[in-house]
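As you go down the protein sequences, you meet chains E and X in turn.
Residue 314 in my numbering sits at position 314 of the first sequence, and the numbers go up by one each step.
Residue 630 in my numbering sits at position 14 of the second sequence, and the numbers go up by one each step.
Don't take every hint at face value.
Unchecked claim - Below, simulated SDA-like cross-link-like pairs (lysine to any residue); rule was C-alpha separation at most 25 Å, straight line:
hint	chain 1	residue 1	chain 2	residue 2
1	X	630	E	191
2	X	749	X	902
3	X	932	E	271
4	E	440	X	623
5	E	280	X	933
6	E	278	X	623
7	E	280	X	937
8	E	281	X	630
9	X	932	E	203
10	E	280	X	928
11	E	191	X	946
12	E	280	X	918
13	X	630	E	441
14	E	440	X	625
15	E	203	X	951
16	E	440	X	933
17	X	922	E	258
18	E	281	X	927
19	E	440	X	627
Unchecked claim - Which stretches of chain E does chain X cover? Using the computed rule of at least three CB atoms under 8 Å from a CB of chain X, they are:
hint	segment
20	303-309
21	469-482
22	532-546
It should be emphasised that the hints constitute simulated quantities derived from the structure, not laboratory data.
Think of the CB as a built atom: it goes at the ideal place given N, C-alpha and C, for glycine as much as any other residue.
Letter by letter, the chains look like this.
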Amino acid sequence: MTAPKHVEQLDRVVIRFAGDSGDGMQLTGDRFTSETAQLGNDISTLPNFPAEIRAPAGTLPGVSSFQVAFADYDILTPGDAPNVLVAMNPAALKANLSEVRKGATIIVNTDEFTKRNLQKVGYDSNPLEDDSLAGYDVHPVGLTSMTLRALADHPISKKDAERSKNMFALGLLSWLYSRPYESTMSFLERKFASRPELVAANKAAFSAGWSFGETTEGFAVRYEVKPARMEAGNYRNITGNTALALGLVAAGVRSELTIFLGAYPITPASDILHELSKHKKLGVITVQAEDEIAAIGAAIGASYGGALGITTTSGPGVALKGESISLAVALELPLVIIDVQRAGPSTGMPTKTEQADLNMALFGRHGEAPVAVIAPQSPADCFYAALEACRIAITYRTPVILLSDGYVANGSEPWLLPEVSDLPDLRTTFAQAPNGEDGKFYPYLRDPQTLARPWAPPGVAGLEHRIGGLEKADKTGDISYDPANHDFMVRTRAARIEAIEVPDIEVEDPSGTANVLVLGWGSTYGPIGAASRALRQRGLNVAQAHLRHLNPLPRNLGQVLGRYDKVVIPEMNLGQLAHVIRARYLIDVVAYNQVSGMPFVSGQLESMLEEVIKNA
Amino acid sequence: MPSAPLQLTAKDFKSDQEVRWCPGCGDYAILAAMQGFLPELGIPRERIVFVSGIGCSSRFPYYLDTYGMHSIHGRAPAIATGLSVTRPDLQVWVVTGDGDALSIGGNHLIHALRRNVNLKILLFNNKIYGLTKGQYSPTSEVGKVTKSTPAGSADYPFNPISLALGAEASFVARTIDSDRKHLTSVLRAAAEHQGSAFVEIYQNCNIFNDGAFEVLKDSETRDNYLIRLEQGQPLRFGSEGQFAVTHPANSFGLTVEDSASAEPLVHDATQEDPAYAFALSRLAGPDLRYTPVGVFRSVSRPSYDKLVRDQLEKAKAKASDNPAQDLASLLNSGDTWTIL
Ligand code: SF4
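The shape of chain E in the complex, shown without the other chains (with noise of 0.2 Å):
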């Protein structure tokens, strides 16, 4: 008999999964993040994979992460530094130790720590039986040979039974954290339907694992997380790539435009061309292109013929789809081109997140060739920017590059389901009959409000007309050599773009005092607004602002930046925003940048701004 064991109440607690890419870790951690929302606890996750399918097993390269924070609070990032530790390996242990807190509980799979394992990364000695974990509440267990034993009377291999060690793991973590496990057993009867053999095994590998948890003497607390006050309604757990993919979903309903996706396979944008392929019977078209500038040109093609065009990629894309966006630009057709930002240059770290394709989303086009640019600021907003993106297109008739990112592209957040009624009506009307008073059609005879030209599909008799890439007479759309036409034509376009209208930034400043700003675009949202959190809590004044339009900047934004003595411009490139705002206001700003590939940490944010407040 074991004593009933001690239940601890935490309110926030980050754990990290780790092992080889082929342990599983991030379906371990999507499960835990699934049981934890069941629960009500507000969740943020942030996943880290190598580009490598399968690197070699047991390397400090293979190794593959997942980590989820999770509160009975409200909470903005997938949290600095983990509490918990899964290693599956030592591999796992060593690339990821330094980033966890001392004191954090180690849970490590004993039966991985062999000889051979241990040098192919470098360890001399064993850190199970030296004193390097020294300071951790490091609990070895042998996940393997547990694991093995509890599916021997299984009709299963070895080796599928050794694949669900990571079940075992989320087992004895699902105790540990009294997670109900109803929607991980629903998930492996759906998983392996077709191999019952497969359902029974995995459920007794985490039935183990949680047993285990609860009879050994190693743990001798365990934890509760209370739910968190969130607003009323219905929730999912959702990634930014499928938050979006549902944005442009719902964009295509609210529009009643056949949807069309031109897109080219690349990480980390290829979900939403998996996710927007399921969709066919909300009348999503979906073409996996040849090559990035095919997928753009089919993308082109769909809204030429009065469909909506969609091209997702990622930064090497969006450089080969240049050409083609200016084409879009003179032929002022919607267009929506989905750049999900990764580390560069050239292939850079694929599965790495970054913001520098900033300066090529607003000026990397020959030509004066300016295009609306929208960001999402976390994965569930990534919705509601497609939304607001494919609103741009549809109402100005021009192209919309929308900066997601890997960080929230990936990570996952709880999103408050919307009611389908109250998302913004996108319907549009498309030319029907001659616009001009002599009774002709003018394919560029602007509306006076929008400077939007009609949006004029081919099917419609007696409004025949070409368009082209050649610069065009205003009104006819006739080719023009014209010097004076072109210079018009030039200052028409960008004024149209700068002519869409975008709400007024907001700052964010309970005290109403503070003297310095932070402003951020994009997936930094979460560890700026933690750091302003951390810094209000301990006194200190800072205000918080946010950019989801990168072009046109909100029309307010020249007078918030001027109220305050300072300016901060936290970015994941080397002052991209910075430049823009520079150039644009002639105000100095703080330009503080990190280009690691990871998000940042906001503790780290915390300190840079305490400097800057404190000099202020």
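Once you have looked at the hints, place chain X with the ligand on chain E.
This is chain X with the ligand only, laid out in the frame that chain E set:
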């Protein structure tokens, strides 16, 4: 009530734009043939779209009073793919040249062909870069002396028909700008084809490569140089009918025999195996002797557009008649939970 048959004429397809090719350019003849042919399709102008890339030939859409897009270099097949897949009610033509289709746009051409997108692709082959003023092209013969190759080009040329066949094209044909009747018959066959129809049109650039196809046009030579492919007809040609296309034993390819008694093959463009059409495409030598014109291959294969639409229709059959409702269930799918 069935609507009255369309009574359009060539004039209805002429746009108000001034045609700007060099006087004497072969493009004029192709344009006239197209304007003369389109009325017979019986398709209203607003359902016809011409998409082009960049080059002399790519100005084509401006001169036709249909819908049209003059896009960017090499990309017309990609753009037309997006249009065709989303708008099955339209007839989409792609107009391109040897540089546009085979150099900068080579990738899009081969992929459009293998997918069998419902496009009529007209490749005006003048074996030269015209718009950029006379550099050799991917179909120029080896040793071509041009502004960019004063010592002669070192590149081996593409054979566009062989290339299209290699790219799994379901319809492949060749014609000549100056033979309006033949050109029209090939356009007609292309228009009738479901899926990608690839048509190479030998086109004279009288400014930078004049007379490139003269031996196929000159009444002195053409009968002994041209092989007119006609479905079900024996492949016998020559001023006196002295040549026969035969398949020698122990050979993979075809040959031309100068013999009145040799038994010529009977042309059959519908053969599933592309080897026959490919062998035909290899008959002509660098001097253009024994150049087949007409339809090399015409086989039936479901178009990409149709396959995509079938999947879409199948999925849509499961949808309710309320998209907002379907969207709401999609958003609420997966592991959801409720906070009260
Ligand atoms: S350059 Fe040659 S192909 Fe171009 S328009 Fe003149 S003659 Fe025709």
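Tested hints:
About 61 Å separates the Cα atoms of residue 630/X and residue 191/E, which puts this hinted pair outside 25 Å; it is violated. Proposed proximity of residue 749/X and residue 902/X is supported: the alpha carbons are some 24 Å apart, at most 25 Å. Simply put, residue 932/X and residue 271/E have alpha-carbon atoms about 22 Å apart, close enough for the 25 Å limit, and the pair holds. Proximity of residue 440/E to residue 623/X is assessed by CA-CA distance (about 22 Å); at most 25 Å being required, the pair is judged to hold.
Between the alpha carbons of residue 280/E and residue 933/X the distance comes to roughly 10 Å, so the proposed pair stays at or under 25 Å and holds. In summary, the hint linking residue 278/E to residue 623/X is not supported, as the alpha carbons are separated by about 44 Å, beyond the 25 Å threshold. Note on residue 280/E and residue 937/X: the hinted pairing holds, with a Cα-Cα distance of about 14 Å set against a maximum of 25 Å. Straight-line distance between C-alpha atoms of residue 281/E and residue 630/X comes to about 41 Å, which puts the hinted pair past the 25 Å bound.
With a C-alpha separation of about 37 Å, the suggested pair residue 932/X and residue 203/E falls outside the 25 Å cut-off, and the hint is violated. Between residue 280/E and residue 928/X the alpha-carbon distance is near 5 Å, which keeps this suggested pair within the 25 Å criterion. Straight-line distance between C-alpha atoms of residue 191/E and residue 946/X comes to about 20 Å, which keeps the hinted pair within the 25 Å bound. Simply put, residue 280/E and residue 918/X have alpha-carbon atoms about 20 Å apart, close enough for the 25 Å limit, and the pair holds.
A threshold of 25 Å between alpha carbons decides the hint, and for residue 630/X with residue 441/E the separation of about 17 Å falls inside it, so the pair holds. Taken as a hint, the residue 440/E and residue 625/X pair is honoured in the structure, with Cα atoms around 21 Å apart against an allowance of 25 Å. As the CA atoms of residue 203/E and residue 951/X are separated by approximately 19 Å, the hinted pair is consistent with the 25 Å bound. For the hint pairing residue 440/E with residue 933/X, the CA-to-CA distance comes to about 41 Å; that exceeds 25 Å, so the pair is violated.
For a cut-off of 25 Å, the pair hint linking residue 922/X to residue 258/E stands: about 17 Å separates their Cα positions. Only pairs whose Cα atoms come within 25 Å are accepted, and residue 281/E paired with residue 927/X is accepted, the gap being roughly 9 Å. Our distance criterion of 25 Å between C-alpha atoms is met by residue 440/E and residue 627/X, whose separation comes to about 18 Å. Counting residues of the segment 303-309 of chain E whose CB lies closer than 8 Å to any CB of chain X gives 6, which reaches the minimum of 3, so the coverage claim holds.
Restraint check on the segment 469-482 of chain E versus chain X: 4 residues with Cβ-Cβ distances below 8 Å, three needed, restraint holds. For the segment 532-546 of chain E, the assignment as covered by chain X is violated, since 0 residues bring a beta-carbon within under 8 Å of that chain's beta-carbons and 3 are needed.
In summary, the structure is inconsistent with hints 1, 6, 8, 9, 16 and 22 from the numbered list given earlier, while agreeing with the others.
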